[in-house]
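Just so you know, the sequences run in chain order E and Z. When you line the first sequence up against our numbering, it's residues 6 to 143, in that order. When you line the second sequence up against our numbering, it's residues 219 to 713, in that order.
In short, the hints are calculated from the structure, not lab data. Treat the hints with care, as some may be off.
What the hints assert, rightly or not - In silico lysine to aspartate or glutamate, EDC-like type, Cα no more than 16 Å apart, as pairs:
| id | chain 1 | residue 1 | chain 2 | residue 2 |
| --- | --- | --- | --- | --- |
| 1 | Z | 339 | Z | 302 |
| 2 | E | 34 | E | 138 |
| 3 | E | 101 | Z | 349 |
| 4 | E | 79 | Z | 343 |
| 5 | Z | 344 | E | 138 |
| 6 | Z | 295 | Z | 323 |
| 7 | E | 101 | Z | 343 |
| 8 | Z | 372 | Z | 343 |
| 9 | Z | 339 | Z | 394 |
| 10 | E | 101 | Z | 346 |
| 11 | Z | 631 | Z | 569 |
Remember, predicted model here, so these are calculated numbers, not experimental data.
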Amino acid sequence: MIKKIILTLLLLFSVLNANDSLTLKLYEKVLTSIFHSQSIKVFVDSDTREILQQSNRFEIVDTCDKSVVVLVGKFSKLSEICKDKPLFSTDYRSFKHTPNSFGAYYWRKGRPQLTFKRRTLEKYHLSLPLALEKYVYE
Amino acid sequence: MYMSKIVKSGRIIYFFYLLALTVLFGSLYIYNEFERTSQEIKKLNLQSNIHYIDNITSNMAHHIKNATPKGIVKTLKDNAHLREELEKDLQLLITKKYRYVYVVDKNKNNRNFRFLLDGAKNAADKSDFLESYVPLNLQYWNEVYTRKKAVYYKDKSLKALWLTYLKPIIVDNKVEAIIAIDFSLQEQNLITSALKKLTQTFILIALFSLSVFIIIIFFSYIDRKRIRTLQFQTKEIQHFNETLQEKVNVEVAKNREKDNMLLHQSKLAQMGEMISMIAHQWRQPLSAISATSSAIKLKAQRNKLDKEQTIQLANKIANYAQHLSTTINDFREFFKPNKEKLETTYTNIIEDVLKIIQEPIQNKAIKFTQELHCEEKIFTYPNEIKQVILNLIKNAEDVLLEKQIQNPYIKLKTFKEAEYLILEVSDNAGGVPTEIVDKIFEPYFSTKTKKDGTGLGLYMSKTIIHEHCKGKLSVSNDENGAVFRIELQEIKRKV
Ligand SMILES: Nc1ncnc2c1ncn2[C@@H]1O[C@H](COP(=O)(O)OP(=O)(O)OP(=O)(O)O)[C@@H](O)[C@H]1O
Ligand SMILES: [Mg+2]
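Let the hints inform the model, and build the full structure from the sequences given.
As structure tokens, this is what we get:
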């Protein structure tokens, strides 16, 4: 019985970890290819912080003015300074309704979704690598 | 009864073989059967699920088609209210089992999928109208468009717990949209895992019976080996016993041969003894014959032999020759075990003896007296007794002549003493010296060197009296000389 519980826990853990590391890799790939930097200064909310902490490609900063990019779920609570920064969302609606949001990574029907906004990218003079061009929908 | 026979014969082991084999093959068969059935159950379960979901989605497809007469995208774009209505319908389907129910189509401009309707209850996961969508395993989704038929697949990345069912909404033989349902296979997986557990149990049983089988075979092998060595040993012992019997038989045969030889030898010895006895008894008559013939010769040389004398001397010789012949007859029967006894008296026997011996003794100037006081019947071998008396008289004569006794005599006396009938032969030669009295009855003991004595006379006499006649022969000395005494039992009248 105990064995079974331990096994289930282990499995669950590894699944969670795998998802996290998958997400982290995606962030690394997407953000480094857009911002062309070895260590990207990023302002995050608590959800995303946990994931990004595990990588040395990101430098997590306390305030938005120090950051190059802001990576959060909801933008409504952000200060005006933050809202001026290039925003990367983890929520589709925030991404859709916030003009400064250039991209988003979120889950739909259990499937991960990546999307970009052409207008916002151009506004911040950000260019996408060719591999990501196909994720530009609007 | 039959069982115990089998057990005894050691054939019980075959029963175990059979049992073990049955268990083994039985469990293998059951396992195989079970595997097959469990596969079928899985398949049937999946099929029934698919069948059910296909019914639902085709109903839904009809419903949506009917609600959007101007084309799905076009109608829904203009009518937010209808969208809401239809999404509510989709929402009704959502349960624990049917997690996501939504409708997508392929954007004709950029060939990407986009949401048209979403049955999500959770606002966070609720997609917007025309929101772009990148499903995993895109090839299946495209396949719906090309094949215009429902497609389903297990999403490997979702740990195979979910099956995605894609149902096309076909308008004018064209796929307008896809109804997608993600439904849980947990139920199925529960069944599968239960079946798996059973399978494991069966494998365990099969392994167990296999090991039992192997153990039984192993032990029976050992047992067989043991029995074989036992049988071998038994055979060896049997063989040994058989050869032993043979050996015993051979030895017994050898022994019998030896016995025969001994018998033969003893017969020869007896014959020898008989011949010595005959020879012993012949001496006296032979010397008498020889003396008589010498007398005839002497008288003839002197021309003193008249007719009367010749006849007389010839008769004498004839008598002695007759005696020689009777002696042979007497001893011929000597060693026969069942020879016939006769009824007689001492007087009769003595009469016979005197016929032979009286004259020669008187010729030697030995006085011969008889005191016969016994006329009782004895049941014995008279010829043998006769020879004994002859021996005793001859011995007395020998010693009397040797010692040149004055007025020598030999006395025969018979009388009855209690139940015994006694015959005594006595002389006046001074008796047997005490130092040899113990030895005189032994064979080949003789003091007569001059006369060349054989020492057989008394031995023979004792044998006859003791062994044949069941009587007694003894010696004693009286004031004049030796007294030899024969004791025989009086006959007991039975008939
Ligand atoms: N009447 C007797 N008196 C004294 N001694 C005797 C008398 N009879 C026998 N013996 C002794 O017993 C011995 C044995 O006698 P036996 O008749 O056995 O043999 P033998 O007379 O010597 O020989 P054979 O009988 O061949 O002439 C004699 O040699 C003799 O010494
Ligand atoms: Mg003698």
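Going through the hints against the structure:
1. Z/339 with Z/302: Distance of about 12 Å is within 16 Å: holds.
2. E/34 with E/138: Judged against 16 Å, a Cα distance of about 14 Å means the pair holds.
3. E/101 with Z/349: With Cα atoms ~10 Å apart, residue 101 of chain E and residue 349 of chain Z stay inside 16 Å; holds.
4. E/79 with Z/343: holds, 14 Å
5. Z/344 with E/138: Violated, at roughly 25 Å.
6. Z/295 with Z/323: Holds - the C-alpha atoms of residue 323 of chain Z and residue 295 of chain Z are around 13 Å apart, at most 16 Å.
7. E/101 with Z/343: holds, 14 Å
8. Z/372 with Z/343: Answer violated: residue 372 of chain Z to residue 343 of chain Z is near 21 Å, above 16 Å.
9. Z/339 with Z/394: violated, 25 Å
10. E/101 with Z/346: holds, 10 Å
11. Z/631 with Z/569: holds, 13 Å
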